[in-house]
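First residue of the sequence shown? That's 1 in our numbering, and the numbers climb one at a time after it.
Heads up, a few of these hints could be off.
Have a look at the derived ranges for each label pair, beta carbon to beta carbon [said to hold, decoys possible]:
#1 Gly740 - Lys896: 52 to 60 Å
#2 Arg576 - Asp935: 25 to 33 Å
#3 Asp216 - Gly780: 53 to 61 Å
#4 His137 - Gly696: 57 to 65 Å
#5 Phe856 - Gly740: 20 to 28 Å
#6 Lys896 - Ser200: 17 to 25 Å
#7 Ser925 - Asp824: 21 to 29 Å
#8 Gly31 - Asp64: 41 to 49 Å
#9 Gly30 - Pro323: 44 to 52 Å
#10 Glu755 - Glu661: 47 to 55 Å
#11 Asp60 - Arg84: 33 to 41 Å
#12 Gly825 - Ala536: 20 to 28 Å
Listed below are the simulated PhoX-like cross-link pairs for lysine-lysine, each with C-alpha atoms no more than 25 Å apart in a straight line [to be verified]:
#13 Lys838 - Lys348
#14 Lys251 - Lys330
#15 Lys330 - Lys838
#16 Lys610 - Lys599
#17 Lys610 - Lys348
Note that these hints are calculated values from the structure, not bench results. No experiment lies behind these values; they were computed from the predicted model shown. The C-beta atom is built at its ideal place from N, Cα and C for all residues, glycine as well.
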Amino acid sequence: MEDSAAVAGLLWDQWLPTGVRKLVAEVLPGGEADARALAVWLAGVHDIGKATPAFACQVDQLADAMRDHGLDMRSAEAMGPDRRLAPHGLAGQVLLEEWLEERHGWPPGRTGQFTVVVGGHHGVPPENGQIKALYEHEELLRTPGAGSRVWRQAQTELLDACAHRYGVEGRLGAWRTVKLPQPVQVLLTALVIVSDWIASNPDLFPYFPDGASRSDEERLAAAWQGLDLPKPWCADEPTETAQELFTSRFKLPAGAAIRPVQEAAVELAREMDTPGLLIVEAPMGEGKTEAALAVAEIFAARSGAGGLFFALPTMATSNAMFPRLLDWLKRLPTADGSRYSVHLAHSKAALNEHFVGLMARSGRVAAVDLDASSERQRRQRDGRQQADAELVAHTWLRGRKKAMLASFVAGTIDQLLFAGLKSRHLALRHLAVAGKVVVIDEAHAYDTYMSTYLDRVLAWLGAYRVPVVVLSATLPAARRRELVEAYAGRTAGDTAEIAETDAYPLLTAVTPGGAPVVRAPEASARATDVRIERLADDLDALADRLESELGGGGCALVVRNTVARVLETARALRNRFGDDRITVAHSCFVDVDRAAKDKELLERFGPPEKANRPVGRHIVVASQVAEQSLDVDFDLLVSDLCPVDLLLQRMGRLHRHRRGENQSARPERLRTARCLLTGVDWPDRAEEGVPEPVRGSVAVYGLYPLLRSAAVLLPHLDGGPERPVRLPTDISTLVQGAYGQEPVVPEQWADALKEARERFDEHREGQAERASVFRLGDVGRPGRPLFGWVTAGVGDADDSRAGRAQVRDGRESLEVVVVQRRADGSLVTLPWLEADHKGRTRGAIELPQDQPPPPFAGRTAASCGLRLPLQFSYAETLDRAIEELEQLYLPAWQGKDSPWLSDQLILALDENCQTRLAGYLLRYSRFDGLEVIRDRCD
Numbered sequence: 001m002e003d004s005a006a007v008a009g010l011l012w013d014q015w016l017p018t019g020v021r022k023l024v025a026e027v028l029p030g031g032e033a034d035a036r037a038l039a040v041w042l043a044g045v046h047d048i049g050k051a052t053p054a055f056a057c058q059v060d061q062l063a064d065a066m067r068d069h070g071l072d073m074r075s076a077e078a079m080g081p082d083r084r085l086a087p088h089g090l091a092g093q094v095l096l097e098e099w100l101e102e103r104h105g106w107p108p109g110r111t112g113q114f115t116v117v118v119g120g121h122h123g124v125p126p127e128n129g130q131i132k133a134l135y136e137h138e139e140l141l142r143t144p145g146a147g148s149r150v151w152r153q154a155q156t157e158l159l160d161a162c163a164h165r166y167g168v169e170g171r172l173g174a175w176r177t178v179k180l181p182q183p184v185q186v187l188l189t190a191l192v193i194v195s196d197w198i199a200s201n202p203d204l205f206p207y208f209p210d211g212a213s214r215s216d217e218e219r220l221a222a223a224w225q226g227l228d229l230p231k232p233w234c235a236d237e238p239t240e241t242a243q244e245l246f247t248s249r250f251k252l253p254a255g256a257a258i259r260p261v262q263e264a265a266v267e268l269a270r271e272m273d274t275p276g277l278l279i280v281e282a283p284m285g286e287g288k289t290e291a292a293l294a295v296a297e298i299f300a301a302r303s304g305a306g307g308l309f310f311a312l313p314t315m316a317t318s319n320a321m322f323p324r325l326l327d328w329l330k331r332l333p334t335a336d337g338s339r340y341s342v343h344l345a346h347s348k349a350a351l352n353e354h355f356v357g358l359m360a361r362s363g364r365v366a367a368v369d370l371d372a373s374s375e376r377q378r379r380q381r382d383g384r385q386q387a388d389a390e391l392v393a394h395t396w397l398r399g400r401k402k403a404m405l406a407s408f409v410a411g412t413i414d415q416l417l418f419a420g421l422k423s424r425h426l427a428l429r430h431l432a433v434a435g436k437v438v439v440i441d442e443a444h445a446y447d448t449y450m451s452t453y454l455d456r457v458l459a460w461l462g463a464y465r466v467p468v469v470v471l472s473a474t475l476p477a478a479r480r481r482e483l484v485e486a487y488a489g490r491t492a493g494d495t496a497e498i499a500e501t502d503a504y505p506l507l508t509a510v511t512p513g514g515a516p517v518v519r520a521p522e523a524s525a526r527a528t529d530v531r532i533e534r535l536a537d538d539l540d541a542l543a544d545r546l547e548s549e550l551g552g553g554g555c556a557l558v559v560r561n562t563v564a565r566v567l568e569t570a571r572a573l574r575n576r577f578g579d580d581r582i583t584v585a586h587s588c589f590v591d592v593d594r595a596a597k598d599k600e601l602l603e604r605f606g607p608p609e610k611a612n613r614p615v616g617r618h619i620v621v622a623s624q625v626a627e628q629s630l631d632v633d634f635d636l637l638v639s640d641l642c643p644v645d646l647l648l649q650r651m652g653r654l655h656r657h658r659r660g661e662n663q664s665a666r667p668e669r670l671r672t673a674r675c676l677l678t679g680v681d682w683p684d685r686a687e688e689g690v691p692e693p694v695r696g697s698v699a700v701y702g703l704y705p706l707l708r709s710a711a712v713l714l715p716h717l718d719g720g721p722e723r724p725v726r727l728p729t730d731i732s733t734l735v736q737g738a739y740g741q742e743p744v745v746p747e748q749w750a751d752a753l754k755e756a757r758e759r760f761d762e763h764r765e766g767q768a769e770r771a772s773v774f775r776l777g778d779v780g781r782p783g784r785p786l787f788g789w790v791t792a793g794v795g796d797a798d799d800s801r802a803g804r805a806q807v808r809d810g811r812e813s814l815e816v817v818v819v820q821r822r823a824d825g826s827l828v829t830l831p832w833l834e835a836d837h838k839g840r841t842r843g844a845i846e847l848p849q850d851q852p853p854p855p856f857a858g859r860t861a862a863s864c865g866l867r868l869p870l871q872f873s874y875a876e877t878l879d880r881a882i883e884e885l886e887q888l889y890l891p892a893w894q895g896k897d898s899p900w901l902s903d904q905l906i907l908a909l910d911e912n913c914q915t916r917l918a919g920y921l922l923r924y925s926r927f928d929g930l931e932v933i934r935d936r937c938d
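Can you build the whole structure from these sequences, using the hints too?
Following this line, the structure appears as structure tokens:
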């Protein structure tokens, strides 16, 4: 108990961000001093429930010693299953409630908001029914008879001693009238959990008698120095102009001017009364990421945030963001010797080279020899200073429950949505985000199911007064309003302006409980007119058109809505243009090949000053992976019909960069940006019928959004060269038209659209209903205890296959590690893998089956993870696939000696890179990824 209290005090003083401390302090009459004393006291008494018969009876030898001192108790066997009614957290909560009422005159209705911290310190606050049941079994707290008085005396003396030692004796009277907001209850619970975990670590606090030679102060000092937690970020508000700020933080080229939307975002962040929610809507390529980081620095300085979480839609986009985050951190102004904890938050982060490099520099956590100086102390004593902050992937801040506590994190949106999922140790996730600025990228990419969780998380972030920056190229007005109202509360000021404006670019800001402010900065000078034309959904027609368009060379991007259409198209185009003229990109590549594919696309089709563009003509056939976070540039775009906001994202890859004056460096025929719209059976004229999108597109997006998108594009499709889509001018008009309620379709489409709308509404209502099952409740009124806060939850939540399925609406996916089986039965890593950054061979490494593979071989194999497509997500096929995959179960690959491959399903391809699984033939190549064909032999 003393160790936990002492650690809580150090965490409060040296680790908790200022904003978190301020949130707790402002609700207590004594401010910061009261808040610290309360936190330390709760950590000190959190295990008082162990001073009960229900807990003490577990070890006979110790129980006998207690009986000798009058603390009578039955044996654990005699107590039977009733003992489970008194877990020590709940027992401690009840004892503390009794003590506050009987010794300090607290009314029963005021105790729970404090004592729930003790009750919930193992991750789940008790429910009212559990509390009632324990009160009905007092024998679990104190043995009836003569021993009852002794038990009560011991419990009271312990609590009295803690109140005295931790300085709350004289404060309990003043706290009696306090109403703790639920966010404060959560933060105190999380702090006690962290304190308990650190104090329970025997490497830091050795068990008796190992640490007996040290005084309590020496023991604590050795443990804290051995833990060596980096302090939170303490940002100073930048005083530079916006131009100067961007130049220093992002190394802009000499003479480069920042975008108007970037300057306006910085100005608005500075003008807000207090940091809050800032939504940035701007075209692709306008530097929204840099704007978010600049705003985050301002918000952090003004709010006391101690870090940043950058949430992105996928692992691939998270991996791409991580080195950019590290670069920004290295350019932040810092005090000499500053250290920041950083983390990459997704399930395959340990395969990321940037993150692995940081992990390699982090040592073991253990108590230190106080007589020895650390390397850091030697550097300071020798007068050597670091030019920038040291970035640390801290050993203790790893694992599914602690990793988000690092100060700076880039990761998937799932990590944020988990804060809205009723799950064990949810308080830790809330502490992790409560002390940061949160940036949410690609906000348009989240469906109704995910948005249901996101809106609830925003409500809690608003209650914590967490600054949030939301980035999107395009947002429907209704969705923008929902985000504002979720964060600011339903009592927010008039939000009509948010829904009515069609300005673009657009900034929307609001503080918790405040009225929104809207700004419409000028668009940058960059503008593109994109001509849209229909193209028949026929592969020969596509090949003919590309042959015509690319006659003088050039690079075309063909975006399909399903992987099957990507592969079918690639085959047809290879037959016409040759293998070396076609590149394929989609989501069904093993992880290492997917990363290599993204790198290849950037190297060949990225910005002019960086890319080595192919000579002659080249065609990239891709799925939706081309929509997000890739700075690639093409001369011509062919796209399946999709929701208009996503089509605009795809258009953002068309003439993205200037190549010569008026694009003169592009082939002459391709100097005008054009998008050929296909994937639809188009009627000759709109009045002659309804467009029929291909079945795969309807399965992915639904018919209603596709018809609305087709309708708003009709004026541009039928207007010819005189009616191009003007970017960015037309972006807002198109998006609001497609997602609004106004009729936009020709009269002849009305019946089809009405039927499609009904199915679409049913689907969205179903998504919202499914999401609500495990969604966290809204923020309760101040003083209401967190009893039952995560009742009927999902247990533990993490970034596993099952964990992600809880916050994303989709069938459970199946993930495998792909290896190759040679003719002699041996297993090797995929043969085409290139050497790593140290020059070590990764291809065709033999994987022994009778012993754990060496670490490098195991890690290389694990880097070939693959998520199988939708065919394997249906229950019967999924079960059959797992049963077949488990036939290759290698006991030597399980357990702690094989951390990379333990518990993984292994998919072994033959020497032709084929295999059969659950009635399907699977083919894989480094060029085309995975192809799945129904097995006719099955």
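Structure-based check of each hint:
1. Gly740 - Lys896: 52 to 60 Å: Distance hint for glycine 740, lysine 896 holds at roughly 56 Å.
2. Arg576 - Asp935: 25 to 33 Å: holds, 29 Å
3. Asp216 - Gly780: 53 to 61 Å: violated, 39 Å
4. His137 - Gly696: 57 to 65 Å: 60 Å Cβ-Cβ, so the 57 to 65 Å window holds.
5. Phe856 - Gly740: 20 to 28 Å: 55 Å Cβ-Cβ, so the 20 to 28 Å window is violated.
6. Lys896 - Ser200: 17 to 25 Å: holds, 21 Å
7. Ser925 - Asp824: 21 to 29 Å: Given about 23 Å between the Cβ atoms, the range holds.
8. Gly31 - Asp64: 41 to 49 Å: holds, 48 Å
9. Gly30 - Pro323: 44 to 52 Å: holds, 45 Å
10. Glu755 - Glu661: 47 to 55 Å: holds, 51 Å
11. Asp60 - Arg84: 33 to 41 Å: This hint is violated: roughly 19 Å between Cβ atoms.
12. Gly825 - Ala536: 20 to 28 Å: violated, 50 Å
13. Lys838 - Lys348: holds, 20 Å
14. Lys251 - Lys330: holds, 12 Å
15. Lys330 - Lys838: Answer holds: lysine 330 to lysine 838 is near 24 Å, not above 25 Å.
16. Lys610 - Lys599: holds, 12 Å
17. Lys610 - Lys348: violated, 28 Å
Hint compliance for this structure: hints 3, 5, 11, 12 and 17 are broken, all remaining hints hold.
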